[in-house]
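Participant: If you read the protein sequences in the order shown, they are chains U and F. Using the working numbering, the final residue of the first sequence is 410, and nothing's skipped along the way. Using the working numbering, the final residue of the second sequence is 188, and nothing's skipped along the way.
FYI, nobody ran anything at the bench for these hints, they're computed from the structure. Some clues are possibly wrong.
[As the list claims (entries may be wrong)] The list that follows gives simulated cross-link-like pairs (lysine-lysine, PhoX-like), each with its CA atoms no further than 25 Å apart:
no., chain 1, residue 1, chain 2, residue 2
1, U, Lys-368, U, Lys-351
2, F, Lys-114, U, Lys-351
3, U, Lys-397, U, Lys-351
4, F, Lys-87, F, Lys-137
5, F, Lys-137, U, Lys-397
6, F, Lys-87, U, Lys-397
7, F, Lys-128, U, Lys-397
8, U, Lys-302, F, Lys-128
9, F, Lys-93, F, Lys-137
10, F, Lys-137, U, Lys-368
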Amino acid sequence: DAKTTQPPSMDCAEGRAANLPCNHSTISGNEYVYWYRQIHSQGPQYIIHGLKNNETNEMASLIITEDRKSSTLILPHATLRDTAVYYCIVRVEDSSYKLIFGSGTRLLVRP
Amino acid sequence: GAVVSQHPSRVICKSGTSVKIECRSLDFQATTMFWYRQFPKQSLMLMATSNEGSKATYEQGVEKDKFLINHASLTLSTLTVTSAHPEDSSFYICSARAGGDITAFFGQGTRLTVV
C-alpha cells in the first residue's frame, strides 16, 4: 500500500473550514484514499473515501488532485467536536481489505 | 454508517489471567473483522485479520498463541489475551467489514489494564 504523509498537527477556528492535506505520491491506479478520525479514547470513525473523483457527504468533502498524488479533506464548518486525530489511508482493493494507519494529523478546533 | 460494538469497554485483570473481548456487528453481517491495538499517544497497529469461519491471519510480530482470535459467526469475533502481563495493557479496537462493502467500521475500543 502507498505511504501517506500528513502534517502532525493543525488548528483552525470554530466555524471556519478545516482543510487537512495528505500526500500519497506513490499511489497506484487501484488504490483508494480513505479518511478516518479518532476522537480521544474512542474507536476511529469513518469519514469518506474516494478513488479519482472528488467526493462529498454529510461530514466532509474529499478533493483528490488529478494526478492522485495528494488529497485534501475539507470540514466546511469546523466545530469543537471535530477536534480529533485525522488519518489519511491509501489501500489496495485486494482481498485483505486491511487498513494500515499512519500517524495522522491532530486537528485542534479553537473556540 | 454501520454499528460495531465492543464489550467490555474497560477491563482490569490480574497478571497471568486471560481476558476475552467481544466485537459484534449489530446491523450487518461482517465477512471480515480486524483487531488493532493502540498504545498511548501512538497510532493504531493492526494485529490480525479474520474471515468468518477461517483462521485469523496475524501480522508479523503478533503472537498468535497469546492473542487468540475467533470469528465463528458473521456478527461476532472475539479476541482473547492469554496469560496477560502488564505490557499487554493497551487499547484494543476491532473493526468489521460487510461482504461486498469496501468500508470498514470500528468499535468503540476496549481499554485493558493488567495489574
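Participant: State for each hint whether it applies.
Facilitator: Now for the hints, and whether the structure bears them out:
no. : hint                     : result
1   : U:Lys-368 with U:Lys-351 : holds (10 Å)
2   : F:Lys-114 with U:Lys-351 : violated (32 Å)
3   : U:Lys-397 with U:Lys-351 : holds (20 Å)
4   : F:Lys-87 with F:Lys-137  : holds (21 Å)
5   : F:Lys-137 with U:Lys-397 : holds (18 Å)
6   : F:Lys-87 with U:Lys-397  : violated (32 Å)
7   : F:Lys-128 with U:Lys-397 : holds (16 Å)
8   : U:Lys-302 with F:Lys-128 : violated (28 Å)
9   : F:Lys-93 with F:Lys-137  : holds (14 Å)
10  : F:Lys-137 with U:Lys-368 : violated (37 Å)
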